[in-house]
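K.L.:
Residue numbers (our numbering), protein chains in the order written: chain A, 1 to 318; chain B, 1 to 389; chain C, 1 to 327.
Hints listed in this document are in silico derivations from the structure and should not be mistaken for laboratory results. It cannot be assumed that every hint is accurate.
Label-pair distances were calculated between CB atoms; the ranges are [said to hold, decoys possible]: (1) A:112 with C:171: 55 to 61 Å; (2) A:308 with C:318: 24 to 30 Å; (3) B:329 with A:112: 55 to 61 Å; (4) B:284 with C:42: 43 to 49 Å; (5) B:114 with C:64: 37 to 43 Å.
Pulled from the structure, derived: some chain A residues nowhere near chain B, Cβ distances all over 10 Å [stated by the list, open to error]: (6) 38; (7) 183; (8) 186.
Quick reminder that beta carbons are idealized off the backbone N, C-alpha and C, glycines included.
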Amino acid sequence: MQNIQIMPQPISSISKRSSKKRKYINQLMLLLTGIMVILALIPLIWIVGYVFIKGSQSINFDFFTKLPAMLGESGGGILHAIQGTIILTIIAAIIAIPIGILVALYVLRHANTVIGIIVRFSTDVLSGIPSIVVGIFCYALIVKNQGHFSALAGGIALAILMLPIIIRTTEEMVKLVPNDLREASLALGAPEWKTALTVILPAAVSGIVTGLTLGIARASGETAPLLFTALGNENFDFAQIVQNGIAQKQNIFIIIGRIINSPVDSLPLTLYKYTSLPYPERIQQAWGIALVLLSLILFLNISTKVFILMREKKMRGK
Amino acid sequence: MFKKLLNVVLVVLAGGLILSACQPVATPAPVAATQALKIEPTLAPGSVQLVAQGATFPLPVYDVWTKSYQFVDPAVNLTYAGTGSGAGKKAIVDGTVDFAGSDSVLKDEYKTVPDLQMLPTLAGAVVPIFNLQSTEKDANGNAVAITALVLDRQTLADIYQAKITKWNDPSITKLNPTLVGKLSDATITVVHRADSSGTTEIFTKALASFSADWLAKVGAGASTVEWPVDKNGNGIGGKGNPGVAVAVQNTTNSIGYVELAYAISNKIPFAKLINKAGKAVTADADSLASAMGDFANAFDDRLNATIVDGSGAGSWPISGYTYLIVRTQSMKDCVKAQKVVEYIKWTLTDTRAGKIASDLGYSLLPQAVLDKVMGKLNAITCNGAVVSK
Amino acid sequence: MFTPQKGLDRWISKLTQHGDRPWNYLLLFISSLIILLIISICFLLWRDSALARTELGWNFLSPTLDANWNPQNGNMQAWPFIYGTLITALIAFIIAFPISIGISIFLAEISPDWLRHPLSWMIELLAAIPSVVYGIWGIFVFLPQVVTPIGNFLAGTLGKIPILQSLFIGPIPESGLSRLAAGLILAIMIIPTIAAVSRDVFLAIPKAQREASFALGATQWETIWKVLIPYGSSGILGASILGLGRALGETMAVTMVIGNSLEGSASLLRPGYSMASLIANQFQDTVSTLHSDALIEIALILFLVTLLLNLIARLLVWQTSRKFLKG
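Can you make the complete structure from the sequences, with help from the hints?
P.N.:
What follows is the structure, encoded as structure tokens:
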């Protein structure tokens, strides 16, 4: 958008003054909008800067590899939170990605049917649900019936929060794929499912991956639904469970079952809990967790941007 | 070709993942009621996951116990979340934990789950912590912190009832002649629990015993109360014992109540109290033992006892027992049931476990009570068979 | 036509010989799961709040000056929490709206092309920061350094004016925990939402509008103020409602800075509760079925309100884009 400014030519001295006034107001207002941008960037830089400076004091090898020390003692780490976040994200992704992509494909094909409209409407509803309501839902449906807090319940709650993002971005990206591609594939005799999976999705993959990354970024930062589903578990060590399982010669399904059925912590959940403790070691670790979380989110955001830019360069290069 | 194979493998894996989530841990077949349950003598390490949550009153001890139990019995992976007595009670009633911690006694919960049993594990002291700055300044012009305070029972109740609102109130200065002129006229910020709390129940039972006015206007001891200070705008709610400790640490001219261990480990000063016998006592092992002795026969058939406001000369007025709540008949997983019983027995009988507790300022159960608890533990059944060997 | 001969190929083509029907059924089945999910959430919220709805009735929700929250004896009114949610969202909106519009104008109209992308991305990064990080930064940095001084200032000035006294009476707690703190942090959190959507609205306005305005001799600001903003007003309104919806539903950052106090004051400078933070704090230790049903009824209200706002916002944004296509 070019800065087109066509100034009126004043004839009399009165209109000269009023045009000066209008010029002045114009400059002032445009400057004001610039100030607004700076105003919004101040908290961003403040938060990121403070978290990095304060949090870096916690970063050491133990931080990433050890379970928490006893209350009031220093040392120990956040291994349980890191593993919990990974497990919850994997469970959420396994559930949300296939469902999200399939729903997006359905909505695109049947956009104008009754069910298509209802599904789109439901997706909009899902995107607006406060995360704590999802937590209550999963507690009542899964935790109470299973009889224990679990990573599975937490993962399902996160999947519900990820779904609208995945559905919406997949829909947008697949819409951009030219219809000719689909018609050509069908003309060659490929069934719908093959067309969708091997022709259309690969063509939209960069956008879909962006949506997935954004969904994962959101899921890994959520706390409220985990309060009532995953509970938190300071004694959780994934490696130990796997080791014990192998020693016992349990088959892999039982080991996986044990992992997803135990309560787990996650980075934001642990951060929330540590913030309200009076032990300064825990508070310092909380800043470290904030650093890890921010780095993760920044990494995911930056990599999607880089990915998109590289993709665009490749397209332009052709 | 390879892609097709990959698809098939992925489908099978996905199906397996879903199925494995539904697989319960193997339990032995039910045995006749008179026989003890036969469990594999050597369970693989970490194969039994026990989850517990509840009171923050004993959390400093339970945290150490649960994290070191894996060295005692490697088969058990145990976690205890300090969510408050109210959350613990709700969790054991909902059946979402294997056992719960609570200092708040069960009442209506027995109607929903009749086989719940409260088992006392430790006794502890609730202390009034404070954060006070004197009016005198040190060399650098900073206010000097006051580190010693004496309160009596009526004064403490009046502070919490918002009848005493300023630190330089005559009732406080009368008890602290060395602080005359040093207490500012700042308003007292009163910190209490925001969540449903057993510590609150012990504290308010004590206040109800200290002050007839408290009993009349606010009520008997309970895990949640409508705090009079909230109406005045001088109350702060903290979540859990740790939350109250943090609130007092961060608010000048405040007072709060926490279990003794939190005050000691965070070096927060707490007030001495003048007990029923008229003596100024501090909270320590002796005053706690004296309080327990005052109510030696107070345990009812639910194994609950209230030990506040004892009449002994050296008794700490705000003492209480903390309990673990277990289901005595309706535990579904019998391997877990056995491990729960073994764990609780270990905490009560092992000398190292006991030392951990007493080092942190808690008191162990008297022998008579211990015997009763062991009796209850030995009577726990799963699927009709007695669990302990 | 390719006729498969060997084992696996033959088996798969036999499986898939029914044409597109299994695939379409699969898509339909999965999509109906979404509908089922929404219905089950509504059903569960409705069923599990039954006791509260029947026993507490409309009195539960009505604005009273003397509201109680006493789960022990069943005397519960939700008004303080509804008030807390509304007032913090309102403060957030009043502060965020002008800033967001300013940002969107800058990004859409004034910024040079090379600056637009990076700046937009940085603004959107504000939305990506997890709310617990806002919470911890709030508690230890923003509240003591910014909110408490502002609170003291407001208590000293606006708090002395009789009409405004109920809103601004202090003193703000030392720690800064207050509705004001929650409102300010919410403002920072919803700026990216409103700004991003409004920027897209401005970018979508047809060039002809701007060119016509310039041709008539208007300055750039006059064009923005008198032509573009009115033209995109329904889209901007939609963006605002989206931001408002986010402010109403935000849980963790609010819980960590609002103070969680049942104190009866209406003042911005005092700690309070919001609906979401009440549920987060009390859901795990409810003392009775009535208590947990009351909390779920509050969750139901929150769900319905955010649902309504979300739908209105989407409708407005959608309507705007149709209008722009027509020119």
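K.L.:
Was residue 186 of chain A rightly flagged as not at the interface, with every chain B Cβ beyond 10 Å?
P.N.:
Nearest chain B Cβ is 20 Å from residue 186 of chain A, so the label holds.
K.L.:
Holds or violated: 24 to 30 Å for the Cβ distance of residue 308 of chain A and residue 318 of chain C?
P.N.:
Once the Cβ atoms are compared, 25 Å apart, the range 24 to 30 Å for residue 318 of chain C and residue 308 of chain A holds.
K.L.:
Confirm or reject: residue 183 of chain A is not an interface residue toward chain B, with every Cβ-Cβ distance exceeding 10 Å.
P.N.:
Per Cβ check, residue 183 of chain A is outside 10 Å of chain B; nearest 23 Å; holds.
K.L.:
Could you check the hint for me, namely that residue 284 of chain B and residue 42 of chain C are 43 to 49 Å apart, CB to CB?
P.N.:
violated (56 Å)
K.L.:
The hint says 55 to 61 Å between residue 329 of chain B and residue 112 of chain A; measuring C-beta to C-beta, is that right?
P.N.:
For residue 329 of chain B and residue 112 of chain A the Cβ distance comes to about 59 Å; the hint holds.
K.L.:
Taking C-beta pairs only, is residue 38 of chain A more than 10 Å away from all of chain B?
P.N.:
With a cut-off of 10 Å, residue 38 of chain A remains clear of chain B, as the shortest Cβ separation is near 32 Å.
K.L.:
Return holds or violated for the Cβ distance of residue 112 of chain A and residue 171 of chain C against the range 55 to 61 Å.
P.N.:
For residue 112 of chain A and residue 171 of chain C the Cβ distance comes to about 60 Å; the hint holds.
K.L.:
Range hint 37 to 43 Å: satisfied by the CB atoms of residue 114 of chain B and residue 64 of chain C?
P.N.:
holds (39 Å)
Hint check: a violation occurs at hint 4 only; the rest are consistent with the structure.
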